[in-house]
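Construct the entire structure; sequences and hints are all you get.
Protein chains in written order, with this note's numbering: chain A, -1 to 436; chain E, -1 to 436.
A few of these clues could be false.
[As the list claims (entries may be wrong)] Cross-link-like lysine-lysine pairs, in silico, DSS-like; alpha carbons within 25 angstroms at most:
hint: 1; chain 1: E; residue 1: K226; chain 2: E; residue 2: K276
hint: 2; chain 1: E; residue 1: K238; chain 2: E; residue 2: K226
hint: 3; chain 1: E; residue 1: K103; chain 2: E; residue 2: K69
hint: 4; chain 1: E; residue 1: K260; chain 2: E; residue 2: K238
hint: 5; chain 1: E; residue 1: K276; chain 2: A; residue 2: K69
hint: 6; chain 1: A; residue 1: K108; chain 2: E; residue 2: K69
hint: 7; chain 1: E; residue 1: K69; chain 2: A; residue 2: K69
hint: 8; chain 1: A; residue 1: K69; chain 2: E; residue 2: K108
hint: 9; chain 1: E; residue 1: K69; chain 2: E; residue 2: K260
hint: 10; chain 1: E; residue 1: K69; chain 2: A; residue 2: K103
hint: 11; chain 1: A; residue 1: K226; chain 2: A; residue 2: K260
hint: 12; chain 1: A; residue 1: K69; chain 2: A; residue 2: K226
hint: 13; chain 1: A; residue 1: K260; chain 2: A; residue 2: K208
hint: 14; chain 1: A; residue 1: K140; chain 2: A; residue 2: K103
hint: 15; chain 1: A; residue 1: K69; chain 2: A; residue 2: K103
Keep in mind that the hints were calculated from the coordinates and are not lab data.
Small disclaimer: the values here were computed from a predicted structure and weren't measured.
What follows is each chain in one-letter form.
Protein chains: 2
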Amino acid sequence: MKTVWFDAQSKETVSRDRRRPLVVKKFGGTSVGNVERIRHVARLALESHRAGQDVVVVVSAMSGETDRLLKLAREVMPIPDGRELDVMASTGEQVSVALTSMAIKSLGGKACSLLGYQVPMITDSAFTRARIQWVEPRPIRKLLAQGCIVVVAGFQGVDPQSNITTLGRGGSDTSAVALAAALGADVCEIYTDVDGVYTADPRICPASRKLEVVSYEEMLELASHGAKVLQVRSVEVAMKYEVPVHVRSTFSDEDGTWVVPKERLFEARVLTGLACEKGQVRLECLGLEDRQELVVELMGLLARLNMSVDMLSHSCRPEERTRADIAFTLPEADLERAREYLEELLGVPGSSELRVSGRLAKVSMVGIGIRSDPSISARLCRGLSQHGISVSGLMVNELRISFLVEESLAEQAIRILHEVFELGAQPLAAEPVVSSQS
Amino acid sequence: MKTVWFDAQSKETVSRDRRRPLVVKKFGGTSVGNVERIRHVARLALESHRAGQDVVVVVSAMSGETDRLLKLAREVMPIPDGRELDVMASTGEQVSVALTSMAIKSLGGKACSLLGYQVPMITDSAFTRARIQWVEPRPIRKLLAQGCIVVVAGFQGVDPQSNITTLGRGGSDTSAVALAAALGADVCEIYTDVDGVYTADPRICPASRKLEVVSYEEMLELASHGAKVLQVRSVEVAMKYEVPVHVRSTFSDEDGTWVVPKERLFEARVLTGLACEKGQVRLECLGLEDRQELVVELMGLLARLNMSVDMLSHSCRPEERTRADIAFTLPEADLERAREYLEELLGVPGSSELRVSGRLAKVSMVGIGIRSDPSISARLCRGLSQHGISVSGLMVNELRISFLVEESLAEQAIRILHEVFELGAQPLAAEPVVSSQS
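Dropping the structure here:
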């Protein structure tokens, strides 16, 4: 995040008169998927409000709606114009905020909906994947002071020329966290259909355990490498502005998982959880001219193509000093586009060669302890090889170990590692260090 | 229209540099009802643009969409909150403008959609039935100057506090005419699924004839009394700002009907056409105290209830000087509500009595010649009575004769009058006095 947002605002935010705690509650598409669920959202908002909190609700489009609109757009224009697509796509949230406000009113509450341009939530002009630049807190504060529950459309913003923009898939998480930051909220509650962040996907690994607390950094690694519970950018924003995030279930009162600064983690745990991304391919560019500029160009190209490249390795050939190999992973969906551009850049066919391995999964193990324990990768490889699973492309950084494995073996690998590293066991200092606001 | 709109603007409008003619084209819900039809709209817009015109397109929601949204809102809140309903209802047009712009772009044109708040089209804050107060022409002119076809969402506006408003059912006609007025357009083309304004509904009266030209005043009477081809308020606005309106078919190149100032009608015709409203009831308040204030109160009450009262008569009883009878018509749907309020106002049961006659149709004959020919009502009554149809509540004003007839006899009455007054014949000066812009 290079933009300078509401830094100027933060002093005011901190010093605002805190007579009432302020909570931002975000509900995804399944949580507002039908009229009965919308009423449930209204009840949750009203409960908080009646308990003495100021409440801002952020909602997504009703589930299926964004896909319906996108399909309609593609019928008219196979690659839809970005500006006009955002005009259409933003209607999904527009309907949700109106229905949610009505539901609150019909239960006797006071509510007012706000669209992106009414907040206003100012973004850049990158249609369909805009980035938030500024959130104006005053109109919302004014409505809160009047006793309203403010219902804000997630996923959408407005650029400085008054064009409607959207933040990309899952952008409502980011809307919610950005609003929480701009308003100096006490907590940003992300309501979902799971009850928190787990040590591994419970559908894959029945022994997985719900985490009570996780640091922004760990959450960022988990979200970036396959955990779908939070959008990556929302975690970046939460970390930058130290917004406490509470991931919890729409259908239960139980505490979920708190995402907080790492200073507030006093648990003795080394490893936090496992994430998995299937549908990966490994691309090896073999026999390249070993020039620094070529590597820079290659990375620049992949960045421009907006592809999630990972697991990059660059190695010289001992026997042939002027030649080098570069390898990395990509989502399978990006392969053809990447290959086309790379062949042009590298002059293939020629002196170099492109080799592709498909049907891979990238498994990632995340935890704050990884940085200080070099034995972890050894235990990982040993544990898997004992079950006959071979690992390739192991990559270790401060908070994460990732490796590639045949897609069909990924779930077994996760179950093995979950057991080897005893992720199902409670950490040593198991007391919840952050408690739910009441 | 009491507001003072763009009077200040009109001078600028007239003096703007007219290098290219400007046309506003409005398409209703059936004209944008599916992807194929939206493409057709795009082709029509492009044809005009390529022929050298500046083009503003105004579209309604895809047919059925507004009803779907209203139904959804009512599930959440049986009498939906007006502000939030407008937030929802405006999404129908929002989708249409985006799809129409995309369709134009995919055919190689340049297009840009604008929502009510982006125009901006400023209205008062009467949610669900707002009135336009100001249309800002500059953002549209700027886009036109860049070679864009501007696609504006009909039916919606924005109030001075940035709340979304809607203009009420059929409001897109009014949006289009108001835009044409604000931009000083050469013509406002209203595309519909019929090919113009007829002397009578062709489904009822096969002998009916398409009118080549009709005055604002006549159109206003026809629209107010059952002709569904144009919304009443759009005609009021067209008349006030002398916007030439061309009602024509989406599916044919033929000229439709031009609606123009009466000074431009040189035809010798006396009568223009017939309109019919079914589902009327006649309410008689009998034996009222004959006080001026009571009549004023009664009319004030009906106005506040926002009911379309017509055919009012007020008569003293010769034998009983202090008593009077008042009678008027109402749409059947308003009867119960009206009766409730009236019984309270008049103190019924008491000295006065309310009598209701239902299942009536109001037939109206409209024409500029009515004012100067007192024999018309006599011919009308004679014509109908020869066929055994008895008429009640005859009412004559400058441009219209209306009467009540049993609902089941209305269509026969229309056919008889169409023949008696030779409405199917061409008027004496049959030359078209306004020709289509090319």
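Verification of the hints:
no.: 1; hint: K226(E) with K276(E); in the structure: holds (13 angstroms)
no.: 2; hint: K238(E) with K226(E); in the structure: holds (20 angstroms)
no.: 3; hint: K103(E) with K69(E); in the structure: violated (33 angstroms)
no.: 4; hint: K260(E) with K238(E); in the structure: holds (12 angstroms)
no.: 5; hint: K276(E) with K69(A); in the structure: violated (42 angstroms)
no.: 6; hint: K108(A) with K69(E); in the structure: holds (22 angstroms)
no.: 7; hint: K69(E) with K69(A); in the structure: holds (23 angstroms)
no.: 8; hint: K69(A) with K108(E); in the structure: holds (22 angstroms)
no.: 9; hint: K69(E) with K260(E); in the structure: violated (42 angstroms)
no.: 10; hint: K69(E) with K103(A); in the structure: holds (17 angstroms)
no.: 11; hint: K226(A) with K260(A); in the structure: holds (21 angstroms)
no.: 12; hint: K69(A) with K226(A); in the structure: holds (23 angstroms)
no.: 13; hint: K260(A) with K208(A); in the structure: holds (18 angstroms)
no.: 14; hint: K140(A) with K103(A); in the structure: holds (18 angstroms)
no.: 15; hint: K69(A) with K103(A); in the structure: violated (33 angstroms)
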